[in-house]
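2 protein chains.
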Amino acid sequence: MKSILLIGQSNMAGRGFIEDVSPIYNEQIHMLRNGRWQMMAEPINPDRHVSGVGPAASFAQAWTEDHPGESIGLIPCAEGGSSIDEWSMDGFLTRHAISEAKFAMETSELAGILWHQGESDSYGERYKTYKDKLLTLFKHLREELKAPDVPIMIGELGHFLGETGFGKSAVEYKQINQVISEVARTEGNCYFVTSKGLTANPDGIHIDALSQRRFGLRYYEAFSKQKHVFDVLDNEHEWMEKAANRELTKNEKIFVQSTKFALGQLSFEEFSINLSNVNESK
Amino acid sequence: MKSILLIGQSNMAGRGFIEDVSPIYNEQIHMLRNGRWQMMAEPINPDRHVSGVGPAASFAQAWTEDHPGESIGLIPCAEGGSSIDEWSMDGFLTRHAISEAKFAMETSELAGILWHQGESDSYGERYKTYKDKLLTLFKHLREELKAPDVPIMIGELGHFLGETGFGKSAVEYKQINQVISEVARTEGNCYFVTSKGLTANPDGIHIDALSQRRFGLRYYEAFSKQKHVFDVLDNEHEWMEKAANRELTKNEKIFVQSTKFALGQLSFEEFSINLSNVNESK
Chain D
1 MKSILLIGQS
11 NMAGRGFIED
21 VSPIYNEQIH
31 MLRNGRWQMM
41 AEPINPDRHV
51 SGVGPAASFA
61 QAWTEDHPGE
71 SIGLIPCAEG
81 GSSIDEWSMD
91 GFLTRHAISE
101 AKFAMETSEL
111 AGILWHQGES
121 DSYGERYKTY
131 KDKLLTLFKH
141 LREELKAPDV
151 PIMIGELGHF
161 LGETGFGKSA
171 VEYKQINQVI
181 SEVARTEGNC
191 YFVTSKGLTA
201 NPDGIHIDAL
211 SQRRFGLRYY
221 EAFSKQKHVF
231 DVLDNEHEWM
241 EKAANRELTK
251 NEKIFVQSTK
261 FALGQLSFEE
271 FSINLSNVNE
281 SK
Chain L
1 MKSILLIGQS
11 NMAGRGFIED
21 VSPIYNEQIH
31 MLRNGRWQMM
41 AEPINPDRHV
51 SGVGPAASFA
61 QAWTEDHPGE
71 SIGLIPCAEG
81 GSSIDEWSMD
91 GFLTRHAISE
101 AKFAMETSEL
111 AGILWHQGES
121 DSYGERYKTY
131 KDKLLTLFKH
141 LREELKAPDV
151 PIMIGELGHF
161 LGETGFGKSA
171 VEYKQINQVI
181 SEVARTEGNC
191 YFVTSKGLTA
201 NPDGIHIDAL
211 SQRRFGLRYY
221 EAFSKQKHVF
231 DVLDNEHEWM
241 EKAANRELTK
251 NEKIFVQSTK
261 FALGQLSFEE
271 FSINLSNVNE
281 SK
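Protein chains in written order, with UniProt numbering: chain D, 1 to 282; chain L, 1 to 282.
Misleading hints may appear alongside valid ones.
Unchecked claim - Calculated pairs, DSBU-like style, for lysine-lysine (alpha carbon to alpha carbon, straight line, at most 30 angstroms):
hint : chain 1 : residue 1 : chain 2 : residue 2
1    : L       : Lys133    : D       : Lys102
2    : D       : Lys250    : D       : Lys227
3    : D       : Lys227    : D       : Lys2
4    : D       : Lys168    : D       : Lys131
5    : D       : Lys227    : D       : Lys242
6    : L       : Lys196    : L       : Lys128
7    : D       : Lys102    : D       : Lys139
8    : D       : Lys133    : L       : Lys250
9    : L       : Lys225    : L       : Lys2
10   : D       : Lys139    : D       : Lys128
11   : D       : Lys2      : L       : Lys146
12   : D       : Lys260    : L       : Lys260
13   : D       : Lys102    : L       : Lys139
14   : L       : Lys128    : L       : Lys139
15   : D       : Lys250    : L       : Lys128
16   : D       : Lys146    : L       : Lys250
17   : D       : Lys253    : D       : Lys227
18   : D       : Lys131    : D       : Lys146
19   : D       : Lys168    : L       : Lys260
20   : L       : Lys102    : D       : Lys253
21   : D       : Lys102    : L       : Lys128
22   : L       : Lys133    : L       : Lys227
23   : D       : Lys131    : D       : Lys260
24   : L       : Lys2      : D       : Lys168
25   : L       : Lys146    : L       : Lys102
26   : L       : Lys253    : L       : Lys139
27   : L       : Lys174    : L       : Lys2
28   : L       : Lys102    : D       : Lys139
29   : L       : Lys102    : D       : Lys102
30   : L       : Lys139    : L       : Lys2
31   : L       : Lys168    : D       : Lys260
32   : D       : Lys174    : D       : Lys128
33   : L       : Lys196    : D       : Lys260
34   : L       : Lys250    : L       : Lys174
35   : L       : Lys250    : D       : Lys168
36   : D       : Lys102    : L       : Lys253
37   : D       : Lys2      : D       : Lys133
38   : D       : Lys196    : L       : Lys2
39   : D       : Lys196    : D       : Lys253
Hints in this document: simulated from the structure, not taken from any laboratory.
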């Protein structure tokens with residue numbers, strides 16, 4: 001199995017409203033829980049009780065389309081509100097992410113790292129020291145995880161920042177984006193992922209669910225083609241429609257029914273009938 | 001800060017329906033996320049996307065009532081469906097729980113362990129080897145965490161098992177409860193917590209949210225009095241009513257408003273007005 005480490009702050013963890021997009025159920029996609037793999041369901045990265053849709057689900061969904069019959073695992077280690085200083089080598093977040101990745105790597109091969117962070121450093125001239133800190137982190141992760149060539153996909157901060165709500169505080173996001181772009185272009189096996197056209201929740205800082213689906217697709221484009229993604233992809237909306245209409249497998253249908261039952265949305269009788277129907281269908 | 005390790009299977013993780021009980025917001029209660037502490041909100045133990053109310057929130061709430069001005073942290077490591085064999089010394093769950101506890105113990109003192117497990121071992125005469133496995137686990141945890149005397153509270157399996165739904169498969173839960181009771185009585189600093197009177201979700205296996213609140217209170221009774229709890233507590237319903245009517249602090253009110261806003265239930269304008277109101281009130 002291949003695995004992908006998710007690190008950064010809230011927009012990597014995901015704050016898109018879950019009810020705003022079609023759910024992604026896919027038995028080829030797993031997420032790390034208690035050091036082991038579970039079938040993926042959003043929220044993938046439960047750093048907060050308000051965690052929602054991030055870029056990882058559509059990234060993984062796109063991956064499975066290119067890898068029929070194979071599995072991918074997501075290692076959620078993003079932390080809302082974290083600054084680059086909190087991702088120092090000896091900080092909790094970095095050490096914990098390495099620890100989680102090592103559990104995952106007992107049963108998978110680390111194939112990539114998705115990074116999205118910087119809103120918490122978009123003020124007070126922090127961009128001036130951001131590059132060195134980011135490069136130090138990437139070097140440290142690759143060393144500690146013994147994955148010197150693992151590709152790192154670096155997402156740009158939302159162009160909607162600096163305008164409204166909580167986003168207003170991110171007055172220097174353009175400078176951070178400049179640094180991000182520079183790091184991606186100069187550092188080996190690092191790829192830039194544009195946030196062009198993505199929109200925000202009413203808080204003005206968190207990428208909305210629909211945009212996160214598009215963002216994940218762009219992260220996958222960068223990963224799969226090993227290239228920077230500087231522009232909106234042609235097929236983003238078309239892909240989302242196709243993904244939403246994907247026919248579920250039998251296991252995925254059982255997963256959906258089990259979810260509904262576990263949340264009290266079905267009686268045991270209804271659940272049993274639905275399960276029989278799933279099992280009897282081809 | 002004191003901390004509490006939560007281990008076992010789904011009824012420790014929590015599957016009570018969140019909407020069935022009054023939420024517990026309390027700035028003295030924290031939960032471990034990414035190796036650090038966050039203010040607690042349910043679900044505390046996100047082993048599955050359907051995780052809900054377990055015993056930990058009311059345990060911690062009761063603790064804070066006895067420790068004004070102090071803080072407590074919850075370390076969620078319970079894993080739905082896990083059998084005692086999956087809690088072997090070299091298993092993922094045990095190693096991961098130790099790893100999480102060690103992160104927590106960098107900034108807290110481990111004060112107790114809450115254990116609830118056994119539904120997955122309530123068939124096939126597994127009870128015959130359960131005692132040795134449980135004792136081996138407890139010994140190993142205390143050694144690895146350098147906490148030889150840390151109290152372990154062991155919750156009884158629900159008396160509703162063996163009857164309906166998924167609970168039907170737990171045909172030997174009484175034998176497991178016998179073993180649990182024996183371990184609690186004979187092992188040092190282990191305390192038994194009865195499940196008398198607790199009721200289940202429609203699945204017949206998961207303790208419902210209201211019962212989990214009561215269960216947590218019993219776990220706290222065992223912990224705080226260092227004694228077995230063999231019977232229903234007199235004050236369970238009264239306590240729940242009192243907890244539900246507790247006046248929130250300013251920080252807790254801000255947390256509630258922030259949650260609503262983060263979930264898209266308030267516009268930025270509404271959120272700002274509500275926040276002003278909180279800040280202006282005493």
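Hints, verified against the model:
1. Note on Lys133(L) and Lys102(D): the hinted pairing holds, with a Cα-Cα distance of about 26 angstroms set against a maximum of 30 angstroms.
2. Of the pairs offered as hints, the one joining Lys250(D) and Lys227(D) is violated, with about 36 angstroms between alpha carbons and a cut-off of 30 angstroms exceeded.
3. Of the pairs offered as hints, the one joining Lys227(D) and Lys2(D) holds, with about 20 angstroms between alpha carbons and a cut-off of 30 angstroms not exceeded.
4. Among the hinted pairs, Lys168(D) with Lys131(D) is consistent with the structure: their alpha-carbon atoms are about 23 angstroms apart, no more than 30 angstroms.
5. Taken as a hint, the Lys227(D) and Lys242(D) pair is honoured in the structure, with Cα atoms around 24 angstroms apart against an allowance of 30 angstroms.
6. For the hint linking Lys196(L) to Lys128(L), the alpha-carbon distance of about 24 angstroms falls within 30 angstroms, and the restraint holds.
7. Of the pairs offered as hints, the one joining Lys102(D) and Lys139(D) holds, with about 16 angstroms between alpha carbons and a cut-off of 30 angstroms not exceeded.
8. Distance check on the hinted pair: Lys133(D) and Lys250(L) sit about 36 angstroms apart at the alpha-carbon level, beyond 30 angstroms; violated.
9. Between Lys225(L) and Lys2(L) the CA atoms are separated by roughly 17 angstroms; this keeps the pair inside 30 angstroms, and the hint holds.
10. Of the supplied pair hints, the one linking Lys139(D) and Lys128(D) holds, its CA atoms being roughly 19 angstroms apart against a limit of 30 angstroms.
11. At most 30 angstroms may separate the alpha-carbon atoms for a hinted pair to count; Lys2(D) and Lys146(L) exceed this at roughly 36 angstroms.
12. Restraint check for Lys260(D) and Lys260(L): satisfied, since their Cα atoms lie roughly 23 angstroms apart, inside the 30 angstroms limit.
13. Restraint check for Lys102(D) and Lys139(L): the C-alpha separation of about 25 angstroms stays at or below 30 angstroms, so the hint holds.
14. A threshold of 30 angstroms between alpha carbons decides the hint, and for Lys128(L) with Lys139(L) the separation of about 19 angstroms falls inside it, so the pair holds.
15. For the given pair, Lys250(D) sits about 37 angstroms from Lys128(L) by alpha-carbon distance, which is inconsistent with the 30 angstroms threshold.
16. In summary, the hint linking Lys146(D) to Lys250(L) is not supported, as the alpha carbons are separated by about 47 angstroms, beyond the 30 angstroms threshold.
17. Taken as a hint, the Lys253(D) and Lys227(D) pair is broken in the structure, with Cα atoms around 36 angstroms apart against an allowance of 30 angstroms.
18. For the hint linking Lys131(D) to Lys146(D), the alpha-carbon distance of about 22 angstroms falls within 30 angstroms, and the restraint holds.
19. Taking the CA atoms of Lys168(D) and Lys260(L), the gap is near 20 angstroms; set against the 30 angstroms cutoff, the hint holds.
20. The straight-line distance between the Cα atoms of Lys102(L) and Lys253(D) is roughly 39 angstroms, outside the 30 angstroms bound, and the hint therefore fails.
21. For the hint pairing Lys102(D) with Lys128(L), the CA-to-CA distance comes to about 35 angstroms; that exceeds 30 angstroms, so the pair is violated.
22. Between Lys133(L) and Lys227(L) the CA atoms are separated by roughly 23 angstroms; this keeps the pair inside 30 angstroms, and the hint holds.
23. For the proposed pair Lys131(D) and Lys260(D), the alpha carbon gap of about 46 angstroms is over 30 angstroms, so the pair is violated.
24. About 37 angstroms separates the Cα atoms of Lys2(L) and Lys168(D), which puts this hinted pair outside 30 angstroms; it is violated.
25. Simply put, Lys146(L) and Lys102(L) have alpha-carbon atoms about 10 angstroms apart, close enough for the 30 angstroms limit, and the pair holds.
26. Taking the CA atoms of Lys253(L) and Lys139(L), the gap is near 42 angstroms; set against the 30 angstroms cutoff, the hint is violated.
27. Straight-line distance between C-alpha atoms of Lys174(L) and Lys2(L) comes to about 34 angstroms, which puts the hinted pair past the 30 angstroms bound.
28. Under the criterion of a C-alpha separation no larger than 30 angstroms, the hint pairing Lys102(L) with Lys139(D) is consistent with the structure, at around 25 angstroms.
29. A hinted pair counts as satisfied when its Cα atoms are at most 30 angstroms apart, and Lys102(L) with Lys102(D) qualifies at roughly 16 angstroms.
30. Taking the CA atoms of Lys139(L) and Lys2(L), the gap is near 21 angstroms; set against the 30 angstroms cutoff, the hint holds.
31. Between the alpha carbons of Lys168(L) and Lys260(D) the distance comes to roughly 20 angstroms, so the proposed pair stays at or under 30 angstroms and holds.
32. Distance restraint check for Lys174(D) and Lys128(D): the Cα-Cα separation of roughly 12 angstroms lies within the 30 angstroms cut-off, and the hinted pair is therefore satisfied.
33. At roughly 28 angstroms between alpha-carbon atoms, Lys196(L) and Lys260(D) fall within 30 angstroms of each other, so this suggested pair holds.
34. Of the pairs offered as hints, the one joining Lys250(L) and Lys174(L) is violated, with about 46 angstroms between alpha carbons and a cut-off of 30 angstroms exceeded.
35. Straight-line distance between C-alpha atoms of Lys250(L) and Lys168(D) comes to about 24 angstroms, which keeps the hinted pair within the 30 angstroms bound.
36. Restraint check for Lys102(D) and Lys253(L): the C-alpha separation of about 39 angstroms exceeds 30 angstroms, so the hint is violated.
37. Proposed proximity of Lys2(D) and Lys133(D) is supported: the alpha carbons are some 28 angstroms apart, at most 30 angstroms.
38. For the proposed pair Lys196(D) and Lys2(L), the alpha carbon gap of about 46 angstroms is over 30 angstroms, so the pair is violated.
39. With a C-alpha separation of about 35 angstroms, the suggested pair Lys196(D) and Lys253(D) falls outside the 30 angstroms cut-off, and the hint is violated.
Hints 2, 8, 11, 15, 16, 17, 20, 21, 23, 24, 26, 27, 34, 36, 38, 39 from the earlier list are contradicted by this structure; the remaining hints agree with it.
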